[in-house]
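Asker: Sequence:
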Amino acid sequence: MKSKVYFVKAALTEDLDTIKEKTKSLLGTINLKKFIRKDDFVAIKLTFGEEENKGHINPAYVRFVVDEVKSFRGKPFLTDTNTLYKEKRQNTIDHLSLAYEHGFAPDITGAPVVIADGLRSDEGVEISINKKHFKSVKIARACVDGDSLIVLSHVTGHMMTGFAAAIKNIGMGFATRTGKLHQHSNAKPSVLTSKCNACRLCIANCPVDAIVIQGKTAYIKEDICIGCGDCLVVCREDAIKISWDETSNYMQEKMTEHALGVVKNKEGKSIFLNYAMKITRSCDCMAKDDPSIVCDIGILASADPVAIDKATADLVNEVAKSDVFKKEYPKIDWTVQLNYGAEIGLGNLEYDLIEIK
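Once you know that position 3 of the sequence shown is 1048 in our numbering, the rest is easy, because the numbers rise by one and skip nothing.
These are computed hints drawn from the structure, not numbers from a lab.
All of these numbers come straight from a predicted model, not from anything done at the bench.
The C-beta atom is built at its ideal place from N, Cα and C for all residues, glycine as well.
You may find that some hints are simply not true.
Straight-line alpha carbon distances no greater than 25 angstroms define the calculated DSS-like cross-link-like pairs of lysine-lysine that follow [unchecked claim]:
#, residue 1, residue 2
1, 1079, 1067
2, 1115, 1314
3, 1376, 1177
4, 1069, 1054
DEER-style ranges, computed between Cβ atoms [what the hints assert, rightly or not]:
#, residue 1, residue 2, range
5, 1118, 1368, 40 to 48 angstroms
6, 1281, 1190, 42 to 50 angstroms
7, 1252, 1152, 27 to 35 angstroms
8, 1283, 1258, 14 to 22 angstroms
9, 1267, 1078, 48 to 56 angstroms
10, 1180, 1142, 35 to 43 angstroms
11, 1083, 1367, 46 to 54 angstroms
With the sequences and hints as input, model every part of the structure.
Answerer: As C-alpha cells, then:
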C-alpha cells in the first residue's frame, strides 16, 4: 500500500501570511489533530543552524506549526541534540544561545527549546531494534519521553550522506553522542602527505585532538578519531581523504537504524514536514549563506519518513532535470538511506503525491 505524501508549492519570496495559510492547509489535510491528544508533550524536531547559517527554517514558519499544535491543546517544545564537531552546538549552553540568536526564542516561536540529550549529551534511552548494525540504539531522552513528534527538516545536500531531509534529521539528529560516534565509526579519514602543507587548520578544528604533526605533515590517529569529518571540511589543500563509497553506505545504514529507533515508540504519533526551499549543497551545520543548487520547491508532509524523503528528492530532481545530489557528491549513493529504510520497515518507497492548491 502506498504512503500518502502531501505537497504545497512554496518559496522564500512569498510573504509570511501566504506561508502561514499554506502550512495550516497542509497540517489540516494531514489531519494533525489525530496525532495529538490534549496535554501531549509534542517534540518539534528541527535544526537551529550553525553560527552564520542562513538556510535554517525560518522561526516564523516554526511558529505556524507551534500554533496549530496549541490549537489542539498540545504542549509543544522545540528540540535538537548537541553535535560531535567543535562549534557552537557542541554543548547545551552555547547551543541554546545560538538557537535564540537565530530567532528560536519562545517569544518568537511560541515554544521553549529543550536540548534533547541533556547538558553533557549523555541523556539517552536504549531502544531495541535488532537490525544488521545494531541490536539497540541510544536515542535522546527528550525524544523518547515526548508523547508526539513533529519533524521539520530543511532539505539539503550532505557531505557524508549526499542528501539530507527527514531520515537524517531524526537518525543523526536524535542520536546521543554515543549514537553519533557509532554512526561515524567507519568514517576514518587519512592525510595525503603529497598535498599537506602542515598548516594546522585540521588540528585546530579536531574536537578530540586526534591530529598531530608527524614529520612535515599532519597525521590522524585512527584510534582517537571519531570520524566527524571536520578536518575534511576545513582543509584548503584537499589533503584529507575518506573512502566515500564504503563509508557513506555504512553510515547511511547506521543512521537509518537510529531513525527506526526514534519512531519505534511513536507509532501513529509522528508527522514529518520537509521544507524544500533554499536547498544548498551543504547541510545547515556547514553552510553559511550558500547559494541554492535548485529553485525553491515547496513544503511536503507525511507520516512516513521514507516516503516523504523519496518524494522530496524526486520533486527536486524533476525540477532540476538531473540528480542534483549525485551531481554535488558523485562518489555517494544517497539512495542507500531510502532503500535501507524500506528494507528495515522504517517506511515505504511507494507513495501517492497529493498536491494542495
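Asker: Each of the hints needs a verdict: does it hold here or not?
Answerer: Hint by hint, here is what the structure shows:
1. Between residue 1079 and residue 1067 the alpha-carbon distance is near 19 angstroms, which keeps this suggested pair within the 25 angstroms criterion.
2. Between the alpha carbons of residue 1115 and residue 1314 the distance comes to roughly 16 angstroms, so the proposed pair stays at or under 25 angstroms and holds.
3. With a CA separation close to 24 angstroms, the supplied pair residue 1376 and residue 1177 stays within the 25 angstroms bound.
4. At most 25 angstroms may separate the alpha-carbon atoms for a hinted pair to count; residue 1069 and residue 1054 meet this at roughly 13 angstroms.
5. One distance hint, 40 to 48 angstroms for the beta-carbon pair residue 1118 and residue 1368, holds here, with the actual separation near 44 angstroms.
6. For the pair residue 1281 and residue 1190, the beta carbons lie near 43 angstroms from each other, so the given range of 42 to 50 angstroms is met.
7. The beta-carbon spacing between residue 1252 and residue 1152, approximately 33 angstroms, falls within the hinted interval of 27 to 35 angstroms.
8. Checked against the hint of 14 to 22 angstroms, the C-beta distance between residue 1283 and residue 1258 comes to roughly 19 angstroms, which is consistent with it.
9. Against the hinted window of 48 to 56 angstroms, the Cβ-Cβ separation of residue 1267 and residue 1078 comes to about 51 angstroms, which satisfies the hint.
10. Between residue 1180 and residue 1142 the beta carbons are some 37 angstroms apart, a value that agrees with the proposed interval 35 to 43 angstroms.
11. Checking the proposed 46 to 54 angstroms range against residue 1083 and residue 1367 shows it holds: the Cβ atoms sit about 47 angstroms from each other.
The structure fails none of the hints (numbered hints given earlier).
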